[in-house]
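> Whenever a hint applies, use it, and build me the whole structure from the sequences.
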Amino acid sequence: MNLTFKNKEITGILTVLPSKEVRFEDEMENYPFSVETSLKLKTIMGFEKRRIVEDGVCASDLCIFGLSYLFDNKLLNKEDIDALILVTQTPDYIVPPTSNIIQGRFGLKEDMICMDINQGCTGFVLGLMQAFLLLDQESIHKVVLMNADVLSRKVSRKDRNSNPLIGDGASITIVERSEINNMIYANIKMDGKRAFAIHIPAGGARKPSCPETAIVEMDDIGNMRSQDNLVMKGDEVFLFAQKDVPPMIVSLLDFSNQTKDMVDYFMFHQPNKFMLNKLADKLGIPRDKMPSNVVENLGNSSGVSIPISMTYNLGNRLINERLNLCLAGFGAGLNWASMILEVGNLNFNGMIFF
Amino acid sequence: MKNLKEEVLKTLNDILPEHDFTLDVNFIKEGMIDSFDLVLLVSELDKKFGISIDGENIVPENFSSLNQMVELLINNGAGK
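Note that the protein sequences, when read in sequence, are chains A and B. So for the first sequence, this note's numbering puts the first residue at 1; every next one is plus one. So for the second sequence, this note's numbering puts the first residue at 1001; every next one is plus one.
Since the hints were made in silico from the structure, they are not lab data. Think of the CB as a built atom: it goes at the ideal place given N, C-alpha and C, for glycine as much as any other residue. Certain hints may be false.
Said to hold, decoys possible - With a straight-line cut-off of 27 Å between C-alpha atoms, the simulated DSS-like cross-links for lysine-lysine are:
| # | chain 1 | residue 1 | chain 2 | residue 2 |
| --- | --- | --- | --- | --- |
| 1 | B | Lys1005 | A | Lys158 |
| 2 | A | Lys282 | B | Lys1005 |
| 3 | B | Lys1010 | A | Lys42 |
| 4 | A | Lys282 | B | Lys1047 |
| 5 | A | Lys42 | B | Lys1080 |
| 6 | A | Lys40 | B | Lys1010 |
| 7 | B | Lys1048 | A | Lys40 |
| 8 | B | Lys1047 | A | Lys49 |
| 9 | B | Lys1010 | A | Lys154 |
| 10 | A | Lys233 | B | Lys1029 |
| 11 | B | Lys1080 | A | Lys243 |
| 12 | A | Lys289 | B | Lys1048 |
To be verified - Over the 12 Å line for every Cβ pair with chain B, so calculated as not near, a few chain A residues:
| # | residue |
| --- | --- |
| 13 | Lys40 |
| 14 | Phe65 |
| 15 | Ser178 |
| 16 | Asp220 |
Written out as structure tokens, the structure is:
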């Protein structure tokens, strides 16, 4: 589905990363690989180091920490927030919405919208789409889009498919109407037939968590996990990304009447380095225009990986200039979405540590 | 073709010395190659032949035998 948005823009990004850093080499013994194989995979897949929260830290804790920073540094006024969107797969509770908890924590005004969206790796692009749609309302001037996940708490330490890569984090993106007469192009696709390619079997109403769901078992390739843990069918997800993402980008470029050369950076979700390099090669995009260093140095933090990449890789550049970016997210759902937009002259674009 | 096959066999032996890839069996069905082995293998073959094997082609059936792998390499520009 193709979408366009007019006169909207990102005016600031803050990412919040956990202080705790885990190095792959300290965890290698958890996986059934030889040391030699592990070290080769480290380079190819980008298993270097990742940031994860301490036990008990929730998505809202990271968001509240980031919002406090913005309020304290006068980068955002509480009274100006007309909508608070939280995109997460790890809400604090099933009920109430975590965005309401955050609203209440800061005593934000009642005359606003709080909205939780359950999305994974597509969550930043989809969250931006939702923010742009809200801004079409006359009474909404400023939307605070929060992406936050603490999926490390749902991943088995002995699951080689997920654990070496998983990271936690949050981002706070300010989205407003723009004075600039700009056009934003996007597309999004979803396929629920492949919904269980990435899932957590227990913990919802279908199968509530209980002592039985916490029993750790070995799967057919030697991973140890319980039904309370994230399951990622790596082969299926890899093939999905290779098959469905490139045509989406080609189609978006065509829809926006742009060429690859007109895009300064392809800021894609970062599941692992190997997958991203293959996508770059297939699309004929130089690898340095599609950063893959976030997953390598900070971990794959699901829907937060794109904004983290924007702060980590483009920091001050997005404050001092405007760049034409192509964003792409793909993952749980299975969903895939992309967007071409100009981003720049931001009021802030930084990273803080929780 | 013969050289490609020899190179593939050499790469397999380097990565997975515990298996005999001269056997006429399905490497995947016999559990000789798993998905992480594929990553290592593709990465080595890419480097060796100066190509980038299309991600869509990185499926187990293309790695089930030496001949399949040779065909995969040819389809992805190796040996040109």
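> Report the numbers of all earlier hints that the structure fails to satisfy, in ascending order.
Per hint list: 1, 5, 9, 13 and 16 violated.
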